[in-house]
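The hints should help you fit chain B with the ligands onto chain A, whose structure is shown.
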Amino acid sequence: MLDDFFIRALLAGTGLALTTGPLGCFVIWRRMAYFGDTMAHSALLGVALSLLFQMNLTISVFAVAAIVSLALLLLQKRGSLSTDALLGILSHATLATGLVIVSFMTWVRIDLVGFLFGDILAVTPQDVSLVWGGGILVLFAIVYLWRPLIASTVNPELAAAEGLEPERARLAFMLLMALVIAIAMKIVGILLITSLLIIPAATARRFSASPEVMAVLASLLGAIAVAGGLFGSLKFDTPSGPSIVVAALAIFLFSLLPWRRRAEEGAIQADTGGHH
Amino acid sequence: MLQTNPSTSPPPMVSLSAAGVRRKGRWLVRGVDFSIARGEIVTLIGPNGSGKSTTAKMAIGVTRPDEGHVTRIPNLRVGYVPQKLAIDWTMPLTVDRLMTLTQPLRGRDIDAALEATGIRHLARAEVQHLSGGEFQRALLARAIARKPDLLVLDEPVQGVDFAGEIALYDLIKTIRNTTGCGILLISHDLHVVMAETDTVICLNGHVCCRGTPEAVSRSPEYLRLFGARAGQTLAFYSHHHDHTHLPDGRVLHSDGTVTDHCHPDDGHHHEEGLPAGRAGPMRIVHAHGPTCGCGQHGDEKPAANTGPLQERGDA
Ligand SMILES: [Zn+2]
Ligand SMILES: [Zn+2]
Ligand SMILES: [Zn+2]
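Each protein sequence line maps, in turn, to chains A and B.
Counting from 1, one number per residue, gives the positions in the first sequence under this note's numbering.
Counting from 277, one number per residue, gives the positions in the second sequence under this note's numbering.
For the record, the hints were derived by calculation from the structure and aren't laboratory data.
Don't take each hint at face value.
[Said to hold, decoys possible] Sample of chain A residues lacking proximity to chain B, with all beta carbon distances greater than 10 Å (derived):
(1) 86
(2) 96
(3) 109
(4) 133
(5) 249
(6) 250
[Claimed, not checked] Below, simulated EDC-like cross-link-like pairs (lysine to aspartate or glutamate); rule was C-alpha separation at most 20 Å, straight line:
(7) B:360 <-> A:4
(8) A:77 <-> A:4
(9) B:360 <-> B:472
(10) A:235 <-> A:4
(11) B:449 <-> B:472
(12) B:449 <-> B:490
(13) B:423 <-> A:157
(14) A:77 <-> B:472
(15) B:300 <-> B:342
We put the CB at the ideal spot given by N, CA and C, even for glycine.
Next comes chain A alone, as it looks inside the complex (with noise of 0.2 Å):
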């Protein structure tokens, strides 16, 4: 049952969850959902670049994103537009201008639901270590970039006051999401990488009393969603990208029932306790 190729997929997507863990939960801090959802939307723009020019996946993908990314802050500064609509616009514009631009070339065979809602056949060693290698160097930088990432989340102003530069941080941070999305592409697919981003985050929450041990907690939540959807994948034979995020959301839901009653419970026996 475990084939090499189940192994190459569970170690692509835990190495994946490591990373999406601390970036997710900067995007649920900024609230930026929407943002990391156009981002990631734009990745299939970055395919169709790539098949046509023939280029680098990878490459293109990340380029695409990061150019969206730079797109939408200085739109945002323009002011012209309300944000949500700048990101409904770009985000189904390129992913439409990206679906497009596939279907004109008939001459290239092209697995787009693998794209859309990841494929676990399709990691190969190269992408094991491309995930490896670059959830690495996103860790690095997260690390490296910590403080001023969350100094400048909780209040830009306080942080370029006090000498930590946010504009850098923010510009780091959007480079980070476009790489992370380029790698996420082929396991959890386009339409459901910002769910992997979120999801652990948001169950982590709860359980976590700093930052920091609520980015390592959503890292480790990710990786257990992973490996449980990459098992259902490949029992029920559903794509993995799905299969991944169900695994995600019944976490979410298991963590969201039985351990806020009891610690109601506990609250409130504590309480009338204290009364008598």
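Same frame as chain A, but now just chain B with the ligands:
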């Protein structure tokens, strides 16, 4: 007094000269001149939207001036308490963790700052669970724990009751006295300021007037109003304006003219004494009306309004 002797006063850490910020074709604030030295307390007052926060942000380098100059000594260490700070509930953050937000600190520095602000018992509390006053103190503790050269407090007494306001001002005074840092304080109270204030700058899109507060203790009526304790902490500030801001946003000058804006170089003001471009304590915008009573009147006459700058008036 308004004018400090350059030979005895310490050199400024920050000085603004004719500094202004423009956004979307509109000047938020213009022609701001002042400086802060070590141990000095400068209070910016003015109504909402008068450019107080913008001015403070210019002083500490968060906002760049679109005209004029802002100079800071190299490696100036700033402790900043912004006016509005909402920490998203999705971020788990205790008071302890908040303390090291922008730099690592030694445990005893954290403890000392929490002790000074009286919230040591809240060290493990999540910031989202604090009351308004407690959160304000936590932010102040964070800012002083890093031992700043310049402490910038944007409306620190907002949402704090009168007793809390007195306590907070006393604390700020103690911080200044023990650390010798300079303090830039922002307040929306136009008449009552911290008694220790060395210079009050009254803003409304520009510097309307500036001066030093008068001790409450000199007036028996005010002493009765505030009580002896508060009378030592608070002081009165009397304004001397040579112009009036009309409800429609235009400005009525003492020479009877009405202009859309009021800028230091619009020809309706007297310029006093110091060469242009010089930063430091000075009286650039203050031109005098017959009733201002500031005791600074020289021999200038309304005729000064007919100078060459008259053509540039924006009436
Ligand atoms: Zn004025
Ligand atoms: Zn005034
Ligand atoms: Zn006068």
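These are the hints, each one checked on the structure:
1. 86: Holds: least Cβ distance 18 Å, greater than 10 Å.
2. 96: holds (32 Å)
3. 109: holds (43 Å)
4. 133: holds (30 Å)
5. 249: Label holds. Min Cβ-Cβ 18 Å, cutoff 10 Å.
6. 250: The claim holds: residue 250 of chain A sits with its nearest Cβ about 21 Å from chain B, beyond 10 Å.
7. B:360 <-> A:4: violated (55 Å)
8. A:77 <-> A:4: Given pair residue 77 of chain A, residue 4 of chain A is violated - Cα atoms ~49 Å apart, limit 20 Å.
9. B:360 <-> B:472: violated (25 Å)
10. A:235 <-> A:4: holds (15 Å)
11. B:449 <-> B:472: holds (7 Å)
12. B:449 <-> B:490: holds (17 Å)
13. B:423 <-> A:157: holds (19 Å)
14. A:77 <-> B:472: violated (41 Å)
15. B:300 <-> B:342: At roughly 12 Å apart (the allowed maximum being 20 Å), residue 342 of chain B and residue 300 of chain B satisfy the hint.
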